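A.B. asks: Single-letter residue listing:
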Amino acid sequence: MDYIYLDHAATSPVHPDVVEAMVPYLTEHFGNPSSIHHFGRKTRQLLDEARLVAAQSIGATPNSIVFTSGGTEADNAALFGTALAKKETGRHIITSQIEHHAVLHACARLESEGFEVTYLPVDETGRISLSELKAALRPDTIIVSIMYGNNEVGTLQDIAAIGELLEAHQAVFHTDAVQAYGVLPIDVNELKVDLLSVSSHKINGPKGVGFLYIREEVALDPLLYGGEQERKRRAGTENVAAIAGFKQAISIMREEGMEKAARYEAYKQKMLSIFTEAGITFLRNGEQEHTLPHVLNVSFPGVKTEILLVNLDLARIAASSGSACTAGSLEPSHVLTAMFGKQNRTKEAVRFSFGLHNTMEEIEQAAQETAKIVKRLQK
Amino acid sequence: MIYFDNSATTKPYKDVLDAFVTVSQAYFANPSSIHSKGGESERLLQQARKTVSQLLHVKPQEIIFTSGGTEGNNTAIKGVAMQYATRGKHLITSAVEHASSFETFHALETLGFDVTYLPVDEEGRISVDELKAAIREDTILVSLISVNNETGTIGPIEEVGKLLQEYKKIYFHVDHVQGIGKVPLSFTKAGVDLCTISGHKVHGLKGTGILYKRESVLLSPLLTGGEQEGSVRAGTENVAGIVSLAKALRMTFEYMDAGVRNMEKITSYMRDELEKLPSVVINTPKTQCAPHILNFSVEDVKPEVLIHALDQKEIYVSTRSACASKQTGASRVLLAMGMKEKRASSAIRLSLSYENTMEEAEIVLRELKKAVTELQEIMR
Ligand SMILES: Cc1ncc(COP(=O)(O)O)c(C=O)c1O
Ligand SMILES: Cc1ncc(COP(=O)(O)O)c(C=O)c1O
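Going down the list, the sequences are from chains A and B. Heads up: the first sequence is residues 1 to 379, going by full-length UniProt numbering. Heads up: the second sequence is residues 1 to 380, going by full-length UniProt numbering.
Source of the hints: derived by calculation from the structure; they are not laboratory data. Quantities reported herein were computed from a predicted structural model and do not represent experimental measurements. It is possible that some hints are incorrect.
Dumping the calculated DSS-like pairs for lysine-lysine here, alpha-carbon to alpha-carbon at most 27 Å [said to hold, decoys possible]: (1) Lys375/A x Lys342/A; (2) Lys302/B x Lys232/A; (3) Lys42/A x Lys265/B; (4) Lys42/A x Lys286/B; (5) Lys302/B x Lys342/B; (6) Lys89/B x Lys87/A; (7) Lys42/A x Lys313/B; (8) Lys286/B x Lys265/B; (9) Lys232/A x Lys276/B; (10) Lys340/B x Lys313/B; (11) Lys42/A x Lys168/B.
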């Protein structure tokens with residue numbers, strides 16, 4: 001049996017057309033975009049085109065797109081950049097307990113540098129409360145960073161409502177859209193967000209590239225200092241080939257539209273119904289309605305995460321415990337802990353995430369195999 | 001087509017490209033994932049780390065993969081400053097650093113650090129005595145460029161390293177982006193604690209780089225989040241980029257001896273020929289200079305105009321460092337060397353790779369002479 005890859009939220013296969021789009025920028029068009037000769041102009045042109053494609057994908061202007069080395073850098077740049085630029089107007093930051101570590105660790109660092117951070121709790125579905133956010137807002141709040149779709153359980157936050165709430169406040173609104181981008185339509189003006197992070201390798205583009213949307217009137221201190229690339233907002237020779245691949249991945253995503261959301265939802269329902277039919281006990285983690293279509297998180301009572309994952313791997317099924325970056329640690333996930341406290345289900349959770357090349361047959365097969373293993377282990 | 005702008009960026013080797021494409025397609029999983037697909041990626045990453053550490057004669061855990069030279073310099077400089085700020089807030093660097101170091105130091109000044117920018121002599125070199133005199137009780141970092149990206153001047157890295165052996169509390173960072181594969185540098189002999197390397201200057205891919213960090217040095221990370229790269233550099237690893245970088249470095253070291261000899265021959269020939277032109281002055285020193293860079297000024301001719309004239313002949317050269325190429329006016333580096341405004345704002349940089357040939361140099365010289373003569377006619 002072929003390996004069934006159900007870990008697309010960790011990273012996704014590069015689309016064949018993406019690699020093809022990169023090759024010319026690794027061979028004949030290898031110039032440095034800052035060079036003023038022919039080779040430089042050729043790659044500069046690609047950067048301009050890619051910036052336009054990226055901007056259009058979220059209803060933004062090209063000048064508001066800054067290419068980064070990935071989602072982590074985009075999140076770090078958003079938080080550190082805003083904090084430094086606005087520290088004279090305030091030192092209070094609001095985020096949630098279930099953010100990706102790229103946001104949480106940046107917040108922890110800022111705390112050590114004298115900023116004050118409010119970590120909003122979430123309910124059992126993984127949602128923050130708008131009224132709690134409202135109550136936490138202070139005149140000296142400078143950043144609100146709330147992720148769009150959670151990478152572990154898929155829960156979506158009401159970003160538009162938060163954007164609305166913050167419209168009259170000085171705080172800059174950042175959302176980590178690394179998981180939502182590509183599976184949900186995003187328009188930065190409708191959502192009223194000021195900063196938005198995206199990573200290429202989650203949408204079948206290459207690793208090592210992403211972008212940060214920065215609303216034009218928002219000023220950030222840069223994270224990387226040096227040359228004048230990216231209008232002085234991110235120094236470093238531009239990763240041209242990767243940006244060419246990212247551009248292609250965005251174009252494919254936009255051509256395909258959002259119909260894949262329905263397909264992934266069908267995959268989810270299929271897996272759940274197979275689990276039910278098999279008579280195994282399971283608990284679904286996360287919101288059912290406001291959720292990322294490609295993420296399904298399930299706890300199987302009595303079956304430890306690590307044991308199930310090892311057995312799944314032996315059955316040639318790649319799933320994960322949640323976020324890939326904490327996969328090695330034995331601590332229960334901070335997201336599930338925020339949702340359920342010390343309940344056992346936090347140690348019995350597995351994430352299945354869907355994407356390119358997955359088929360309904362694979363999903364059925366994987367679900368049946370999972371049910372078989374769980375049945376054996378739940379005895 | 002003749003490409004003499006290899007200090008700006010280089011063309012990736014074919015094998016490097018192949019490695020990148022293969023790994024991108026066949027090993028796309030996240031190395032942090034615990035399933036066996038993740039394990040395969042993780043093994044590739046470890047293998048690349050091992051290869052690089054062996055080539056650089058350091059330990060695998062001392063290699064941090066980055067997104068390039070700029071990130072390497074920012075991480076090293078800011079990382080030491082922030083980590084050891086409680087020990088002292090004095091930093092020493094030079095007036096001729098690359099923008100990615102220079103601007104980082106400027107930013108640190110706004111955060112309350114005190115920075116000494118050592119002056120350089122007319123060849124672009126700092127004086128070790130002056131460095132010694134600048135050291136204070138509260139100095140925590142010395143950061144120097146090994147090979148200047150505009151002039152090719154080689155700095156006194158080993159001497160500085162020796163001096164710093166006496167100062168256990170001072171860390172030594174070297175920006176070796178232009179030196180790697182051209183000017184040998186032994187990290188142990190030179191007492192280097194941190195060293196920045198960029199992939200795209202050695203026929204690797206853009207967006208890849210290495211920061212060497214001696215095991216005992218702690219860094220406050222620039223990118224925080226996951227626990228990748230020993231928690232010094234968070235972010236999903238660019239596995240394909242990293243594997244291709246290891247390959248580029250290995251190939252570079254393999255070809256280095258012959259390549260350097262070839263470049264030396266070409267630059268010294270071009271220097272001799274250019275010196276014969278009355279309106280040309282050479283800015284690259286004659287000794288202690290890198291084999292691949294030759295910088296000269298043509299007075300009364302705007303460098304941009306000369307570059308465009310050569311561009312028409314499919315010859316590609318540059319004015320100075322690529323990331324400052326949009327700035328007009330005098331080069332900060334040449335001014336620091338004591339040159340007059342006019343000379344410092346009319347510089348052209350030729351930079352070679354191992355693969356450039358004497359025949360190409362002949363053509364470049366011929367076209368250069370022609371273009372200079374024509375342009376001077378017009379200017380007159
Ligand atoms: C929600 C979220 N934010 C940020 C990141 C970090 O992105 P990258 O891996 O590109 O650094 C990830 C993925 O790891 C993620 O899922
Ligand atoms: C000496 C030197 N340091 C640092 C850099 C920055 O490297 P990168 O372009 O990979 O960010 C460069 C090249 O631009 C350089 O020449």
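A.B. asks: Are the hints correct? Go through all of them and say.
C.D. replies: Going through the hints against the structure:
1. Lys375/A x Lys342/A: holds (24 Å)
2. Lys302/B x Lys232/A: Roughly 26 Å separates the two Cα atoms, so the pair holds.
3. Lys42/A x Lys265/B: Violated, at about 31 Å.
4. Lys42/A x Lys286/B: Since the Cα atoms of Lys42/A and Lys286/B sit roughly 35 Å apart, the hinted pair is violated (cutoff 27 Å).
5. Lys302/B x Lys342/B: With Cα atoms ~10 Å apart, Lys302/B and Lys342/B stay inside 27 Å; holds.
6. Lys89/B x Lys87/A: holds (21 Å)
7. Lys42/A x Lys313/B: holds (17 Å)
8. Lys286/B x Lys265/B: Measuring from Cα to Cα gives roughly 13 Å; hence the hint holds.
9. Lys232/A x Lys276/B: The hint is violated at about 41 Å.
10. Lys340/B x Lys313/B: violated (30 Å)
11. Lys42/A x Lys168/B: Distance of about 48 Å is beyond 27 Å: violated.
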